[in-house]
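Note that the protein sequences, when read in sequence, are chains A and B.
Residue numbers for the first sequence follow our numbering, so the first one is 1 and each next one is one higher.
Residue numbers for the second sequence follow our numbering, so the first one is 1 and each next one is one higher.
Hints were generated in silico from the structure; no laboratory data involved.
Just so it is clear, CB atoms sit at the ideal spot from N, CA and C, and this is done for glycine as well.
A hint or two may mislead.
[Claimed, not checked] Computed cross-link-like contacts, DSS-like style, restricted to lysine-lysine with a CA-CA straight-line distance of at most 30 Å:
#1 A:K83 / B:K291
#2 A:K83 / B:K64
#3 A:K83 / B:K225
#4 A:K88 / B:K173
#5 B:K291 / B:K142
#6 B:K72 / A:K56
#7 B:K70 / A:K49
#8 B:K52 / A:K88
#9 B:K72 / A:K142
[To be verified] To list a few chain A residues with every Cβ distance to chain B over 12 Å, as calculated:
#10 A79
#11 R196
#12 D265
#13 I366
#14 K382
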Amino acid sequence: MKKKIFIAICIVILIFLLGGTYIIISIEISTSKLDHLIVLHQVEMLREKLLIHINKIQSDLTLINTPYASGIDTVITNARYLKNKSNKCFECHHSDDVMIRLNDLNHAIDQYQDSLSRLLTMRANRGRTDIEFETAFRRAEKLSKTVNEMVHMASTKLYAKTESSLKDIFYSKVILYALVIMTPFFVAGLGFIFIREMTKPVEALLKATRKLKGGDLDYKIEGLKDEFGEVAESFNEMSVSLVEMMHRIEETQKRYRILFESAGDGIFILDTEEGKEGNIVSANQAAAEMHGYTINELLKLNIRDLDTPESASEMLDRLQRILEGEWIKAEITHRKKDGTVFSVEISAGLLEFENHKYILAFDRDITERKKAGRAIQELENKKVLEEELREERNKLQQILDSLPDGVIVLDGNNKLEWANARFKEITGLDPETLVVDGKIADYFHERTEGVDESDQISPMAKVKETGEPVQFIHFEPGDETSEQYFRIIITPFFDKGGNLWRIVETVRPITDIVLQRHQIDESEDRFRRFIENAREMITIKDLNGCYLVINEPAAALFGKSPMDYIGRTDHEILSKELADRLVYKDKEALDKKEYLEDKVTLSINGEMHYLDIVHFPLFDYKGVVTGICSIGRDATEQNQLQKMLIQSEKMAAIGQLAASVAHEINNPLTGVLSFAEELKKDTEDLDPNNPIIKDYDVIIREAIRCREIVSKLLDYARVEQSRRRPMSINTVIDRSAGLVKKQVLFHGIEFENDLSDNLPEVPFDPSQMQQVFLNLIINAAEAINGQGKITLSSRLSGEGRFVEGLVIDNGPGISSDIIDKIFEPFFSTKGSRGTGQGLSVVKAIIEQQGGMIKVDSQVGKGTTFTVSMPVPRPDRQEKRR
Amino acid sequence: MPRINKILIAVCLCMAIVTGCSETKMENTTKTEERHLLIGLIPEQNIFKQLKRYEPLANDLSQKIRVNVKLKVLTRYGNIIDNFISTGLDAAFFGSFTYVLAHRKLGVEAITRPESIDGISTCHGLILVRKNSGIETVKDMKGKTFAFVDRATTAGYLLPLEYFKEHGIKDYKTFFKEFYFTGTHESAIYDVLNETVDICAAKNTVFTRLAFKDSRINNELMILKRSPDVPENGLAVREDLDDSLKKKLKEALLNMHKDPDGIDVLRNFGAKRFVETTDDDYASVYRYTQKIGLNLANYHYWDE
Chain A
1 MKKKIFIAIC IVILIFLLGG TYIIISIEIS TSKLDHLIVL HQVEMLREKL LIHINKIQSD
61 LTLINTPYAS GIDTVITNAR YLKNKSNKCF ECHHSDDVMI RLNDLNHAID QYQDSLSRLL
121 TMRANRGRTD IEFETAFRRA EKLSKTVNEM VHMASTKLYA KTESSLKDIF YSKVILYALV
181 IMTPFFVAGL GFIFIREMTK PVEALLKATR KLKGGDLDYK IEGLKDEFGE VAESFNEMSV
241 SLVEMMHRIE ETQKRYRILF ESAGDGIFIL DTEEGKEGNI VSANQAAAEM HGYTINELLK
301 LNIRDLDTPE SASEMLDRLQ RILEGEWIKA EITHRKKDGT VFSVEISAGL LEFENHKYIL
361 AFDRDITERK KAGRAIQELE NKKVLEEELR EERNKLQQIL DSLPDGVIVL DGNNKLEWAN
421 ARFKEITGLD PETLVVDGKI ADYFHERTEG VDESDQISPM AKVKETGEPV QFIHFEPGDE
481 TSEQYFRIII TPFFDKGGNL WRIVETVRPI TDIVLQRHQI DESEDRFRRF IENAREMITI
541 KDLNGCYLVI NEPAAALFGK SPMDYIGRTD HEILSKELAD RLVYKDKEAL DKKEYLEDKV
601 TLSINGEMHY LDIVHFPLFD YKGVVTGICS IGRDATEQNQ LQKMLIQSEK MAAIGQLAAS
661 VAHEINNPLT GVLSFAEELK KDTEDLDPNN PIIKDYDVII REAIRCREIV SKLLDYARVE
721 QSRRRPMSIN TVIDRSAGLV KKQVLFHGIE FENDLSDNLP EVPFDPSQMQ QVFLNLIINA
781 AEAINGQGKI TLSSRLSGEG RFVEGLVIDN GPGISSDIID KIFEPFFSTK GSRGTGQGLS
841 VVKAIIEQQG GMIKVDSQVG KGTTFTVSMP VPRPDRQEKR R
Chain B
1 MPRINKILIA VCLCMAIVTG CSETKMENTT KTEERHLLIG LIPEQNIFKQ LKRYEPLAND
61 LSQKIRVNVK LKVLTRYGNI IDNFISTGLD AAFFGSFTYV LAHRKLGVEA ITRPESIDGI
121 STCHGLILVR KNSGIETVKD MKGKTFAFVD RATTAGYLLP LEYFKEHGIK DYKTFFKEFY
181 FTGTHESAIY DVLNETVDIC AAKNTVFTRL AFKDSRINNE LMILKRSPDV PENGLAVRED
241 LDDSLKKKLK EALLNMHKDP DGIDVLRNFG AKRFVETTDD DYASVYRYTQ KIGLNLANYH
301 YWDE
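Please construct the entire structure, taking both the sequences and the accompanying hints into account.
Written out as structure tokens, the structure is:
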């Protein structure tokens with residue numbers, strides 16, 4: 001039906017739409033044709049206007065310079081009008097043919113304007129202006145002709161178009177009239193058919209509804225089609241469904257009754273009416289059995305009669321909650337008919353039935369369930385505890401693993417209980433491999449030098465014995481790179497009963513620390529040796545001025561030992577003057593934090609000492625000053641050396657002077673000698689015993705002696721390069737003795753010559769060697785103080801390897817305490833007379849010549865100086881030659 | 001029947017309202033037209049082309065200074081001096097010589113002039129012949145025909161006058177077989193090109209503009225003489241023009257090259273911008289007139 005209605009409406013709309021469209025189109029066509037006609041008319045009018053304007057311009061030109069002419073402005077305006085209108089034509093769409101004509105028209109207008117401009121602006125003679133005028137006139141005519149042609153063309157087209165348009169409009173009109181008359185009849189016919197189709201099925205449906213209302217569920221509608229047919233079918237199905245529904249409700253009712261009767265839980269329906277609250281309205285068999293009543297007995301009771309007193313007291317509260325719409329659940333206690341109390345779980349809510357409120361309550365005996373629940377709860381608690389315990393163990397393991405030390409935990413029987421990951425990392429030992437017979441081996445122990453390992457008490461045993469923690473260092477031998485040290489701490493733990501419960505063994509790697517310690521020890525040892533063996537005086541004091549370190553030379557300066565100084569200050573040990581000086585300089589160096597030099601002169605035991613001291617602060621690794629170090633040097637010798645150098649320079653100068661004097665004396669001496677000899681010749685005639693002759697002899701002898709002295713002096717003073725040549729040592733000894741024998745000092749001295757013959761020659765510088773023996777002889781003479789005996793001796797010794805020259809005196813001798821110092825420079829026993837240089841120079845010369853000198857002396861008996869020169873070995877001599 | 005009456009009344013009312021509206025509109029238009037500025041144009045070229053060239057400029061100015069700017073093209077250079085008085089021109093684009101005359105006679109005040117696309121704001125006069133005319137010197141000119149533009153133009157009259165004087169032509173009227181005034185520079189150039197006349201005097205800017213469109217001009221014509229530079233046709237206003245209007249007009253022209261519409265107008269006009277101009281810029285023209293012995297005060301500019 002819907003489809004039919006839809007199709008009918010569509011047809012009507014389509015007819016109207018087609019009609020309307022046709023009307024609109026035909027009107028549109030007619031009007032556009034009329035528009036077209038109007039446009040064509042306008043074009044014609046436009047072209048007419050163009051003609052009029054051309055004519056106007058032409059007449060103005062003809063009348064120019066007469067009173068009838070319009071102004072030039074008018075001519076210009078008209079000429080521009082032509083151009084404007086012609087341009088307007090180009091705004092519309094035209095055929096190519098028309099466009100060509102329009103272009104021609106435009107061009108003709110341009111030319112005409114050009115002529116006009118020339119004509120209007122030009123000032124020339126009549127001939128020229130006439131030509132311009134004619135040109136303009138000719139162009140105007142050409143323009144008029146073009147326009148006229150276009151007007152004609154437009155008119156022809158206009159006529160034809162008007163004819164066809166009028167015809168079209170007539171046809172449209174006829175169709176329109178036909179449509180207007182036919183449409184109402186068509187619509188009325190459609191309406192009639194539609195109403196008839198609608199009313200018939202509605203009546204059939206109305207009848208069926210009335211039957212159903214009267215209870216006739218078996219009535220069926222027949223003979224309807226379309227949507228009405230569908231409605232009728234639904235109607236028929238509805239009556240069948242109603243019958244089926246009634247059967248189903250009856251069945252359900254039965255099922256619920258059975259369910260109620262045979263339910264395992266007790267079910268009660270209770271009254272809520274005021275005054276009857278809790279009265280049992282209905283109860284099932286299970287409820288009766290649960291409480292030990294029959295159903296009929298129950299129906300006479302109130303639910304409070306089944307509650308224990310404490311459950312009954314809360315009953316009203318529960319009732320109130322149920323009435324407020326809550327479905328409650330609770331565990332309460334009920335009492336059986338025989339008085340036995342038992343737990344029930346009740347589940348109750350409001351039940352509205354035919355505007356009456358009831359309570360529906362389900363009761364379940366939960367005595368058994370409660371028992372089971374308690375057991376389960378206990379089991380769960382135990383599980384939780386175990387889980388916590390495991391968690392704790394895990395945490396403990398994590399803590400142990402994160403420790404930097406290796407840790408193993410043993411129980412009282414040495415069984416391995418714990419070991420952290422670090423233990424294996426540090427020691428490289430798997431704790432499992434230490435287990436022997438189920439017990440952990442006592443691996444770590446302290447090594448004591450000289451004690452066999454097996455003889456030592458094991459630390460573990462010690463811990464068990466004493467109950468005290470034990471701490472020791474364990475050495476794991478290896479080569480330099482793999483040897484290791486561990487600090488082991490074994491700690492016992494006891495339970496409440498005082499029994500050994502656990503032993504914790506921690507292993508800390510301390511190899512680096514131990515090695516560092518060794519390095520420090522070595523370093524300290526080096527430092528100590530360095531200080532102890534230094535010739536310089538070295539001290540270190542703390543910031544309070546107390547001695548921390550002092551070496552032997554420093555302490556010995558004042559005849560003390562280092563221990564006398566340690567821990568004491570300068571003021572406590574030294575003279576105030578010196579202490580003040582040292583403290584002042586120390587402070588200055590500390591304040592300036594820099595190296596400071598000082599020179600100190602001291603009198604120690606009557607001897608002057610010159611000290612060069614440097615003070616400098618010491619810093620710790622942070623750059624903080626921790627103490628002051630002083631290094632001192634005894635510069636006394638150096639000072640004396642300087643003085644002697646000066647003296648020696650002086651002596652050298654005197655020597656040179658003596659040499660030059662000797663040289664100068666030599667000449668007059670020669671004169672004296674020769675004249676004396678001449679004078680003596682003159683005395684040949686005289687008596688030989690004449691005293692004059694003797695006098696001359698004395699002159700000659702003494703002059704000769706003078707000459708010899710001078711000659712020897714010159715020999716000594718002659719500056720020679722050290723020239724070693726093989727020579728007899730006896731020659732040198734003789735010469736030296738010869739030089740001094742006649743001196744006043746030697747007058748009281750007896751010389752004894754004990755020189756050996758046949759000594760081999762040994763190489764030396766005769767001049768220097770002469771100086772050696774001169775010195776030794778003079779020293780001997782001085783030692784015996786001019787009264788005594790000097791023996792000069794020579795001999796072969798050392799199985800012929802050495803030639804020795806000896807100078808022996810019988811003087812007082814040299815005491816043993818100074819005999820070691822006599823060859824030292826500046827040592828003198830002569831007080832201010834001596835320079836203390838002689839013997840040291842002697843020793844230096846001999847050693848330079850390859851020989852040795854030694855001294856033997858006995859107090860009160862005399863002294864012997866022995867000069868030993870090595871005899872060259874024959875093979876060497878051969879080679880040399 | 002009464003319903004039809006009602007409809008008719010409604011229709012009539014509507015029509016009355018619509019008509020009323022359109023009338024009001026017309027009144028407004030009339031009012032704006034009352035205030036206007038009339039600018040005169042000299043016939044530099046074909047007067048219709050001249051109008052066409054200046055119209056977009058006038059429209060742009062109307063919008064910018066909110067005064068209806070109207071143009072009046074004159075058929076003769078000299079007219080512009082007369083028309084200031086007779087037709088009440090407010091301003092005019094003067095040729096350099098007409099300005100100098102008008103300044104002396106009427107006291108007009110120069111304000112701006114255009115600067116060409118190449119940045120030049122001056123022009124000069126040329127003396128032209130056909131290349132095949134055989135005319136190369138003044139001697140060759142004797143007995144030929146000569147076309148001036150107008151007695152009130154620099155390029156179209158003063159230049160040839162100076163040229164004649166320089167070459168010892170005492171009276172050009174007898175020297176040439178015939179002479180006349182073409183009225184526009186364009187006509188003068190085309191008359192030589194079309195062999196209507198042998199020699200002509202014209203302005204370089206018009207020559208260049210025409211040569212751009214018509215290649216014959218460069219190919220067939222030859223320049224014999226060129227005058228010194230004088231300012232290009234500039235706008236001068238009447239002495240008593242309202243100061244505020246004068247200022248607005250000047251600013252609108254000087255700033256025209258700064259807005260897109262103005263740039264379009266200037267491009268069509270053939271200029272880059274307008275530059276400020278004062279009487280001092282015409283010093284060269286004053287000198288030129290002195291040189292050829294013209295007395296500006298009593299100069300008779302009507303063509304003979």
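> Which hint numbers does the structure go against, in order from smallest to largest?
Replying inline: As far as the earlier hints go, 1, 3, 4, 10 are violated by this structure, in ascending order.
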